[in-house]
Amino acid sequence: MSTTNTDASAGDASTEFRLRVVHHRQEVEAAEQSFQEWQAEWKVREQQLEEQLREIESELQRVSGQATPRLRLVSDAGE
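Count along the sequence shown starting at 1, add 32, and that's the number in the numbering used here.
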(Lines of atoms letter the chains of each structure in order from A and count residues from 1; the text may use other names and numbers.)
(Lines give C-alpha, C1' and ligand atoms only; values in the text may rest on other atoms or scores of the structure.)
Protein backbone atom coordinates (compact mmCIF):
# COMPACT_ATOMS: atom_id res chain seq x y z
CA MET A 1 0.00 0.00 0.00
CA SER A 2 2.75 2.45 0.76
CA THR A 3 3.99 2.09 -2.83
CA THR A 4 0.56 3.04 -4.15
CA ASN A 5 0.39 6.07 -1.87
CA THR A 6 3.87 7.14 -2.93
CA ASP A 7 2.94 6.73 -6.59
CA ALA A 8 -0.26 8.70 -6.05
CA SER A 9 1.64 11.45 -4.22
CA ALA A 10 4.22 11.63 -6.99
CA GLY A 11 1.43 11.77 -9.56
CA ASP A 12 -0.33 14.54 -7.64
CA ALA A 13 2.89 16.52 -7.35
CA SER A 14 3.58 16.06 -11.04
CA THR A 15 0.07 17.17 -11.96
CA GLU A 16 0.29 20.18 -9.66
CA PHE A 17 3.65 21.14 -11.17
CA ARG A 18 2.23 20.91 -14.70
CA LEU A 19 -0.75 23.04 -13.70
CA ARG A 20 1.58 25.66 -12.21
CA VAL A 21 3.67 25.68 -15.38
CA VAL A 22 0.55 26.13 -17.52
CA HIS A 23 -0.70 28.92 -15.24
CA HIS A 24 2.68 30.66 -15.30
CA ARG A 25 2.82 30.38 -19.08
CA GLN A 26 -0.64 31.96 -19.34
CA GLU A 27 0.49 34.80 -17.09
CA VAL A 28 3.59 35.37 -19.22
CA GLU A 29 1.55 35.36 -22.43
CA ALA A 30 -0.93 37.83 -20.92
CA ALA A 31 1.94 40.09 -19.82
CA GLU A 32 3.49 39.93 -23.29
CA GLN A 33 0.14 40.84 -24.88
CA SER A 34 -0.30 43.71 -22.44
CA PHE A 35 3.19 44.98 -23.21
CA GLN A 36 2.58 44.80 -26.97
CA GLU A 37 -0.65 46.78 -26.55
CA TRP A 38 1.14 49.38 -24.41
CA GLN A 39 3.96 49.58 -26.95
CA ALA A 40 1.48 50.18 -29.80
CA GLU A 41 -0.27 52.88 -27.76
CA TRP A 42 3.07 54.51 -26.99
CA LYS A 43 4.04 54.57 -30.68
CA VAL A 44 0.78 56.34 -31.51
CA ARG A 45 1.37 58.84 -28.70
CA GLU A 46 4.95 59.38 -29.84
CA GLN A 47 3.74 60.12 -33.38
CA GLN A 48 1.21 62.59 -31.99
CA LEU A 49 3.91 64.33 -29.97
CA GLU A 50 6.21 64.48 -32.98
CA GLU A 51 3.41 66.07 -35.03
CA GLN A 52 2.78 68.62 -32.27
CA LEU A 53 6.49 69.37 -32.17
CA ARG A 54 6.56 69.95 -35.94
CA GLU A 55 3.62 72.34 -35.57
CA ILE A 56 5.41 74.21 -32.77
CA GLU A 57 8.63 74.39 -34.78
CA SER A 58 6.73 75.65 -37.80
CA GLU A 59 5.05 78.34 -35.72
CA LEU A 60 8.38 79.33 -34.17
CA GLN A 61 9.92 79.63 -37.61
CA ARG A 62 7.02 81.72 -38.81
CA VAL A 63 7.10 84.04 -35.80
CA SER A 64 10.87 84.40 -35.53
CA GLY A 65 11.73 84.23 -39.21
CA GLN A 66 14.32 81.53 -38.61
CA ALA A 67 15.12 79.06 -41.35
CA THR A 68 16.03 76.17 -39.04
CA PRO A 69 14.00 74.72 -36.17
CA ARG A 70 15.21 75.51 -32.67
CA LEU A 71 13.57 72.52 -30.98
CA ARG A 72 14.14 68.83 -31.54
CA LEU A 73 12.43 65.78 -30.04
CA VAL A 74 14.94 63.24 -28.77
CA SER A 75 13.66 59.77 -27.97
CA ASP A 76 15.02 57.50 -25.25
CA ALA A 77 16.90 55.63 -27.97
CA GLY A 78 18.81 58.82 -28.73
CA GLU A 79 17.45 59.19 -32.24
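Any given hint could be a false lead.
What the hints assert, rightly or not - Derived DEER-like restraints, expressed as beta-carbon distance ranges:
{"#": "1", "residue 1": "THR47", "residue 2": "ARG86", "range": "44 to 52 angstroms"}
{"#": "2", "residue 1": "LEU85", "residue 2": "GLU64", "range": "25 to 33 angstroms"}
{"#": "3", "residue 1": "HIS56", "residue 2": "GLU91", "range": "31 to 39 angstroms"}
{"#": "4", "residue 1": "GLY43", "residue 2": "GLN71", "range": "51 to 59 angstroms"}
{"#": "5", "residue 1": "VAL54", "residue 2": "GLU82", "range": "36 to 44 angstroms"}
{"#": "6", "residue 1": "HIS56", "residue 2": "GLN80", "range": "31 to 39 angstroms"}
{"#": "7", "residue 1": "SER46", "residue 2": "GLU73", "range": "37 to 45 angstroms"}
{"#": "8", "residue 1": "GLN79", "residue 2": "SER41", "range": "28 to 36 angstroms"}
{"#": "9", "residue 1": "GLU91", "residue 2": "GLU64", "range": "37 to 45 angstroms"}
Derived by calculation from the structure, the hints in this document are not laboratory data.
No experiment lies behind these values; they were computed from the predicted model shown.
Think of the CB as a built atom: it goes at the ideal place given N, C-alpha and C, for glycine as much as any other residue.
Here is what the structure says about each hint:
{"no.": "1", "hint": "THR47 to ARG86: 44 to 52 angstroms", "verdict": "violated (59 angstroms)"}
{"no.": "2", "hint": "LEU85 to GLU64: 25 to 33 angstroms", "verdict": "holds (31 angstroms)"}
{"no.": "3", "hint": "HIS56 to GLU91: 31 to 39 angstroms", "verdict": "violated (52 angstroms)"}
{"no.": "4", "hint": "GLY43 to GLN71: 51 to 59 angstroms", "verdict": "violated (42 angstroms)"}
{"no.": "5", "hint": "VAL54 to GLU82: 36 to 44 angstroms", "verdict": "holds (42 angstroms)"}
{"no.": "6", "hint": "HIS56 to GLN80: 31 to 39 angstroms", "verdict": "holds (36 angstroms)"}
{"no.": "7", "hint": "SER46 to GLU73: 37 to 45 angstroms", "verdict": "holds (41 angstroms)"}
{"no.": "8", "hint": "GLN79 to SER41: 28 to 36 angstroms", "verdict": "violated (57 angstroms)"}
{"no.": "9", "hint": "GLU91 to GLU64: 37 to 45 angstroms", "verdict": "holds (41 angstroms)"}
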